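From first to last, the protein sequence lines stand for chains Y and F.
Quick note on the numbering used here: the first sequence kicks off at 1 and runs consecutively.
Quick note on the numbering used here: the second sequence kicks off at 1 and runs consecutively.
Worth flagging that the hints you see were computed from the coordinates, not collected in a lab.
Among the hints, erroneous ones may be present.
As the list claims (entries may be wrong) - If you only want the chain Y side, here are some residues facing chain F, beta carbon under 8 Å, derived:
1. Y50
2. R54
3. K137
4. E153
5. G156
6. T159
7. Q216
8. D243
9. E244
10. I249
11. A405
12. G409
Unchecked claim - Pairs of lysine to any residue residues, derived as SDA-like cross-links and limited to a Cα-Cα distance of at most 20 Å, are as follows:
13. Y:K376 <-> F:I273
14. F:K160 <-> Y:R109
15. Y:K376 <-> F:F255
16. Y:K245 <-> F:M55
17. Y:K127 <-> Y:R109
18. Y:K137 <-> F:M55
19. Y:K245 <-> F:S151
20. F:K160 <-> Y:A275
21. Y:K143 <-> F:Y150
22. Y:K245 <-> F:L159
23. Y:K245 <-> F:P170
24. F:K160 <-> Y:K127
25. Y:K210 <-> F:P170
26. Y:K143 <-> F:K160
27. F:K158 <-> Y:G254
Unchecked claim - Short, incomplete list of chain F residues facing chain Y, as computed with Cβ under 8 Å:
28. L47
29. A49
30. T274
31. R276
Remember, it's a predicted structure, so these values are computed and weren't measured experimentally.
Backbone N, C-alpha and C fix where the C-beta goes; we use that ideal spot for every residue, glycine too.
The lines below spell out each chain.
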Amino acid sequence: MKKNNIEWTTTGIDRRHFLKGASTVALSTAAVGMPQFANAAGNVLKTRSYADIRSMDPAFSQGVVDEEIQGAIYNKLIQFKPGSEWGWQLDAAASIEQADDTHINFALRDDMGFTNGFGAMTAEDVKYSFERIIDEKLESTNKPDMSALDHVEVTGERTGTIVLKNAFQPLWSITLPYITGNIISKKAFEQAGGKIETKPVASSGPYMHKSWEPKQKTTLVPNPDWKGEAAAFDEIQIFHIDDEKAAEIAYEAGQLDFTRVSLGSVERLKANLPANSTLAEFPSLFYVWVGMNLDNPKLKNIKLRQAIQAAIDVPSIMAASYFGAAEPSTGIIAPGLSGHRDQSLTGIKANLEKAKKLMAESGESNVSLKISVLNKSVNVTTAQIIQANLAAIGVTVEVDLHEGATFWGLGEDKTLELVLNRYSMTPDPYYATSWFITEQAGVWNWERFANAEFDKIHKDAQSESDLVKRDAMYQRAQDLMEESGAYKFITHEATPNVYRNTIVPALRPDGLPLYRYFKKD
Amino acid sequence: MIGYIFKRLGLAAIITVLAVTLLFLIIHMIPGDPITTMLGPRATPELRAALEERMGLDKPLPIQIVLFFTNMLRGDLGTDVFSGRAVTAIVFGQLPYTLALIFVSITWAAILGITLGCYSAVNRNSLGDRLAGILSVSVIAVPAFVVSLYSLLLFAVKLKWFPAIGAGEPGNLPDQIWHLVLPSLAIGLSWVGYIARLVRASMLEVLGEGHIRTARAFGLPKSWITYKYALRLAILPTVTVIGVGMGFLLSAAVFTEIVFSRPGLGKLVIDSITTRNYPVVMGSVLFSTLIFVASTTLADIINALLDPRTRKGS
């Protein structure tokens, strides 16, 4: 770094810029004037998202990629608190309190407003933002996260009450601090016809949207009307790079300041970290498991399923597929969240003796099964280890690879046998259990697990305000899943990030960025 | 000549319709539910039905094909179901990046390849010819993705001479050209060798023909004979190969766009196929087919202009 600085100050132009100019002249006589340098030094944060954006409308945004941008340009009543523990902090709300199970009173700060002349943020904007998501006509894909909302009562210009149909604990961990909590300008959206696509019509956060180059990058710039703590960067460029390896190369080439890296690169980066960089590993919320279709006649025998559970050696998978960078999981709820179990019922290490005993008790022989897998190298390696594990108890496994769209349609396939699956997660256990209720059988509950007690826990725990009781309820729910013999939990994976020491990233406990809080060192 | 051009254009139109119809059928035959892929875990039966209707998936396949072509003639390729943007706008947004990549790659490859080929033919069996031969075969043997990765590691990571990702700032031509250097090197390199070998072989054949011997006997300058008489004929197979090569470069561009995180038609096709985003798939496929058909048609027309025997033969 020092050398570069010396070169820069001495000559005013480095090799890269010299070659850039020379090549420009040589390659194009049409080039106008002197070359302009896109990567000029400046107060610019260059970062990466793993996909292109889909929507800048909170009612239709599809997860973290959209939310990473929306979180910086829109305000919410409360935001996730950066750090190692899940929690929230006030954002647009000057105060917010739960009056009772179904009433939440809030008061907005008086210095919040929207860009493009759409005026101050009012309680009417909050009402509009939340109620449109549950509006049948809008067909919002994010409606389930607002499902408990009845309406928002406006009690003053900047005060109001969120009225719920029933108590809903995820309100504080998903609904308000995540996608559906983004407050938009009623006037701006109404002028735009009630919904928007990829171009925000008004911003209210510390940054505002400058441009979106499809399949390339989104650029944010400071919002001049923002009255809170000043934005730390003159520009945030979020490059949409699908491939983690390409992102790593871009980081090493100096074109990114912050990126998630692949688990397979963690060891290499630890041993040979790029100059002036930090590698930070975070536990992820994703959950990976091996599922068994309970409706498939081949897997009807619970002893066979239990034998499979006992035979799978998770530490081998952690070492070979995740390069030792992830930890084994005990269920679908990650550490740090209510409902996490310290131990699973079936254990982490393979117990071959027990597995063989269960096989013998099952009375099954010449068992041949197919494991369906999404075609990513980590999954293929995991499936091959499972194949070897199950061979040890006399079960032949064929690995059946699928590309994305085919794989995600497998839930409807009644002939599905084993499946290696991975779901995303938000920081509330309700989100995890919601896919495994009876109603979801054949949709997202691919194991076709049906348990009345589990369904009741899922329903009741949503509104349970006693956190100790709620924690126990979700632990019991995972016990029920495991007892069915349909699940062997593998890992929650991990989120390794690499970043320049010139920035101070603000991250959620699962390592995802909250750009509005990023600072310079 | 005009009749020949019309005949070629008519053929090009028929090829396009057939190719696009075939691709339409293939895309709809591959397994995978676009609605599940698009809506994700939050798909309700009502949302599924609405989306199915919006995408026209509730209609029989032949009707969908007819609708596609009818709408296409009106310039309407539908809308991207994720973002709601017009497919035409999406494709036209990506098309220039791919065209620029292909054009720059084939241009520099052709200039260098033809020069090397001529040099080798004129200086047959010299040390330079042998070196050019070794070099040509070597670069033909190296796949584009290997060149991509090594050029990235060397020129972007190690030397930091060129950018590793992106296509440059919009409106900043020098920056865009700068971002084109490594990707065009990656996909153009093997074509240098291919074109050089082809030009050398054609030149040697032409240089041995009677009219060239006659020109020599008349004492015409060597450079005149080589470039005015021999190269004009020797270039014919190269023009055809370059025309077809544009199509192959389209597929090479897919990988290059991914490795270099460049926007482009190839990346768009891959992303939209993965998500079964049918309107975008069809829009991208239509334009890819058009590029391929247009480049081969253009090559035929240039051939006919350079060699009147070609158009008479047809």
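Evaluation of the provided hints:
Restraint check, Y50 of chain Y versus chain F: the minimum CB separation of about 11 Å is more than 8 Å; hint violated. Interface hint at R54 of chain Y: satisfied, since its Cβ lies 4 Å from the closest Cβ of chain F, which is below the 8 Å cut-off. Interface hint at K137 of chain Y: violated, since its Cβ lies 11 Å from the closest Cβ of chain F, which is beyond the 8 Å cut-off. The interface hint given for E153 of chain Y is broken, as the beta carbon of that residue sits about 27 Å from the closest beta carbon of chain F, more than 8 Å.
Given hint, G156 of chain Y at the interface with chain F, is violated; its Cβ is 34 Å from that chain's nearest Cβ, farther than 8 Å. With 8 Å as the threshold, the beta carbon of T159 of chain Y stays out of range of chain F, its nearest partner Cβ sitting at about 31 Å, so the hint is violated. Hint status for Q216 of chain Y relative to chain F: holds, with the closest Cβ pair at about 5 Å, below 8 Å. A distance limit of 8 Å between C-beta atoms decides the matter here; for D243 of chain Y the minimum to chain F is near 6 Å, and the interface restraint holds.
With its C-beta approaching chain F no nearer than about 11 Å, E244 of chain Y sits outside the 8 Å limit, and its interface hint is violated. At about 5 Å, the closest approach between the beta carbon of I249 of chain Y and any beta carbon in chain F falls short of 8 Å, and the interface hint on this residue holds. For the restraint placing A405 of chain Y at the interface with chain F, the shortest Cβ-Cβ distance is roughly 3 Å, inside the 8 Å limit, so the hint holds. For G409 of chain Y, the interface hint holds, the least distance from its beta-carbon to any beta-carbon of chain F being 4 Å, beneath 8 Å.
Using a Cα cut-off of 20 Å, the hinted pair K376 of chain Y and I273 of chain F holds, with the two alpha carbons roughly 17 Å apart. In summary, the hint linking K160 of chain F to R109 of chain Y is not supported, as the alpha carbons are separated by about 47 Å, beyond the 20 Å threshold. Restraint check: the Cα-Cα separation between K376 of chain Y and F255 of chain F comes to about 17 Å, which is no more than 20 Å; the hinted pair holds. In summary, the hint linking K245 of chain Y to M55 of chain F is not supported, as the alpha carbons are separated by about 34 Å, beyond the 20 Å threshold.
At most 20 Å may separate the alpha-carbon atoms for a hinted pair to count; K127 of chain Y and R109 of chain Y meet this at roughly 16 Å. Restraint check: the Cα-Cα separation between K137 of chain Y and M55 of chain F comes to about 18 Å, which is no more than 20 Å; the hinted pair holds. About 15 Å separates the Cα atoms of K245 of chain Y and S151 of chain F, which keeps this hinted pair within 20 Å; it holds. Straight-line distance between C-alpha atoms of K160 of chain F and A275 of chain Y comes to about 14 Å, which keeps the hinted pair within the 20 Å bound.
Our distance criterion of 20 Å between C-alpha atoms is broken by K143 of chain Y and Y150 of chain F, whose separation comes to about 47 Å. Straight-line distance between C-alpha atoms of K245 of chain Y and L159 of chain F comes to about 19 Å, which keeps the hinted pair within the 20 Å bound. Taking the CA atoms of K245 of chain Y and P170 of chain F, the gap is about 25 Å. The hint is violated against a cut of 20 Å. Simply put, K160 of chain F and K127 of chain Y have alpha-carbon atoms about 51 Å apart, too far for the 20 Å limit, and the pair is violated.
Distance restraint check for K210 of chain Y and P170 of chain F: the Cα-Cα separation of roughly 13 Å lies within the 20 Å cut-off, and the hinted pair is therefore satisfied. The suggested pairing of K143 of chain Y with K160 of chain F is violated, with an alpha-carbon distance near 47 Å, which exceeds 20 Å. Note on K158 of chain F and G254 of chain Y: the hinted pairing holds, with a Cα-Cα distance of about 10 Å set against a maximum of 20 Å. For L47 of chain F, the interface hint holds, the least distance from its beta-carbon to any beta-carbon of chain Y being 6 Å, beneath 8 Å.
With its C-beta approaching chain Y no nearer than about 10 Å, A49 of chain F sits outside the 8 Å limit, and its interface hint is violated. Annotation: interface hint on T274 of chain F holds; nearest CB of chain Y at approximately 5 Å, less than 8 Å. Checking R276 of chain F against chain Y: minimum C-beta separation of about 5 Å stays under 8 Å; hint holds.
Figure legend: structure checked against the earlier numbered hints; hints not met, in rising order: 1, 3, 4, 5, 6, 9, 14, 16, 21, 23, 24, 26, 29.
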